[in-house]
Amino acid sequence: MSKKKTKIDLTKKVMKKIRKEKITMRPRVYFVAGSVLLGLGVAGAVVLAILFFNLFFFKLRMHSPFGYLLFGRPGIGPFLHIFPWLPFLLAVFGILGGSLLLKKYEISYKKSFWGLVISFLVMILVFSFLLSRSGLNRRAEKLLPLRPFYRQRFSDGDFVVGRVVQVEDGELIVEDPGGEDISVLIDENTRLPRGGGFEVGDMVRVVGEYEGPLTGSGQVVFEAKGVVKGGMPPQGPHFPEGVEERVKGRKRSF
Amino acid sequence: MLVRDKDQEFYAELVRRYEGKLLRYGIYLIGDRHGAADVVQEAFIKAFVNLKGFNARRKFSSWIYRIVHNEAINYIKKNKKTVSLESKKGLVENLSNNEDIEADFEKKEVRKKVRKCLEDLPIKYRESLVLHFLQDRSYEEISDILRMPMGTIGTRISRGKKMLKRIIK
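Residue numbers (my numbering), protein chains in the order written: chain A, 1 to 254; chain B, 1001 to 1169.
Source of the hints: derived by calculation from the structure; they are not laboratory data. Glycine included, each C-beta is placed from N, C-alpha and C at the ideal position. Do not take every clue at face value.
Derived Cβ-Cβ restraints for the label pairs, each shown as a range [to be verified]:
no.: 1; chain 1: A; residue 1: Ser64; chain 2: B; residue 2: Glu1140; range: 47 to 57 Å
no.: 2; chain 1: B; residue 1: Lys1059; chain 2: A; residue 2: Leu38; range: 14 to 24 Å
no.: 3; chain 1: A; residue 1: Ile107; chain 2: B; residue 2: Val1049; range: 46 to 56 Å
no.: 4; chain 1: B; residue 1: His1034; chain 2: A; residue 2: Ile23; range: 20 to 30 Å
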């Protein structure tokens, strides 16, 4: 049996297949549309990433979740609760999507791809940081469709954020942004990472656990494992009107 | 391009011009002549369908090589076991015959050694070496074909050469 290779006439085979199966070229508009969609995809990913990183930075500054880590282990739960996961994940999604789309462009291999991604990332982070400082979020959070993105719970089973409205021995009365007064009990085991000296009108964040209503007035009691000043901006929009008046004239140090 | 706008039959001329080179490239990647023929045929069909998307400012050869490369990689993924077995015995046999290879190549000595030992190289080094030494493609063209920075191509060729030397010894 001869081992000689038979010559493969590809031209004949290819042209025969094109004619037989009536294969046609895709119209130019198909490719133009593809390029336009690709460009829009990259632009959309960049805008998405900038907007959500802006929201992420804004929420980090407003709610400073890392502050809860000052309390050690009791602060981990509140940190995980307050950390702005959704904007962070959406922004990362935008970065990843944009990077994948960038790969379709010739520049992605003509230049160093990682260099390109890092530049892309730095540009997005700088823009979003500046945007988060611009006051845009203050206006945006008043718009009804955007409110869900700005909504934040300031108390849960293991933490409370609010404004001190009364100071007693071993107790702070804290008003949360919902307008509810919470009696925060402080004892010798309570961690005060930045010291005491709480005054009426201070913003505080407290970690610990609810004891349930113990007082005759039905006031909610929260046993503090740690208290620190800060947690919300002084100009935060979440407090009901009239709180400023309530705390006036009740200044006292703890 | 004339092919795009006037007569589709001119495409046959393009196929004729590139079929030999692309078939050899396919064989180097796959190690099986018939598999390579299928891959190249499919690549030509895809190129025909997408011809209006080809950027005429770029080289047609780089574009068609890129399509063959993609098709070959898909083929290798689909037929992993078969390809590795066939390539062991088939590559040298399929390419030892010089009937289709142009006589005027410059790197004759390198070419001979490369051909015998290529089958033992991982595909990422093999494809760069084949394109450079056996298909006479420049770094820039290889960069366009494999969609990698030229620096990476240089590194792969350099590493591939070192690996080949070790295999030859």
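Hint-by-hint comparison with the structure:
no.	hint	verdict
1	A:Ser64 x B:Glu1140: 47 to 57 Å	holds (52 Å)
2	B:Lys1059 x A:Leu38: 14 to 24 Å	holds (22 Å)
3	A:Ile107 x B:Val1049: 46 to 56 Å	violated (26 Å)
4	B:His1034 x A:Ile23: 20 to 30 Å	holds (22 Å)
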